[in-house]
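A.B. asks: Taking my numbering, the leading residue of the sequence shown gets 22, the next gets one more, and so forth.
Check before you lean on any hint, since a few could be wrong.
[As the list claims (entries may be wrong)] Computed spacing ranges between beta-carbons, pair by pair: (1) Ala73 / Val31: 34 to 40 Å; (2) Leu64 / Phe41: 32 to 38 Å; (3) Ala47 / Gly74: 39 to 45 Å; (4) Gly37 / Ile58: 20 to 26 Å; (5) Ile35 / Ser75: 44 to 50 Å.
Hints were generated in silico from the structure; no laboratory data involved. We treat Cβ as the ideally placed atom computed from N, Cα and C, and that holds for glycine.
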Amino acid sequence: MLKWALIFFVISLITGFLGFSGVSAATATIAKVLFYIALVVFLIFLVLAFMAGSVVV
Numbered sequence: 022m023l024k025w026a027l028i029f030f031v032i033s034l035i036t037g038f039l040g041f042s043g044v045s046a047a048t049a050t051i052a053k054v055l056f057y058i059a060l061v062v063f064l065i066f067l068v069l070a071f072m073a074g075s076v077v078v
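Full structure from sequences and hints, please.
C.D. replies: Written as structure tokens, this is what we have:
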């Protein structure tokens, strides 16, 4: 997912450089959303890993 966020970020930079501000803003928004989703998924898995590691058998 971070790979797609980086791809959309690069597309946003290129389109912004070429003057396509509407496309640049849209791809920047998509990149931000994908990054935050990846961050939330990472934090969920981190919490689950700590919870699984603290269980004593």
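A.B. asks: Please go over all the hints and tell whether each is borne out by the structure.
C.D. replies: Hints, one by one, checked against the model:
Ala73 and Val31 have their C-beta atoms about 36 Å apart, which keeps the hinted 34 to 40 Å range intact. For the hinted restraint 32 to 38 Å between Leu64 and Phe41, the CB-CB distance of approximately 34 Å keeps it satisfied. Range check, Ala47 to Gly74: about 41 Å between beta-carbon atoms, so the 39 to 45 Å window is met. In this structure, Gly37 and Ile58 meet the distance hint of 20 to 26 Å, their C-beta atoms being roughly 23 Å apart.
For the hinted restraint 44 to 50 Å between Ile35 and Ser75, the CB-CB distance of approximately 46 Å keeps it satisfied.
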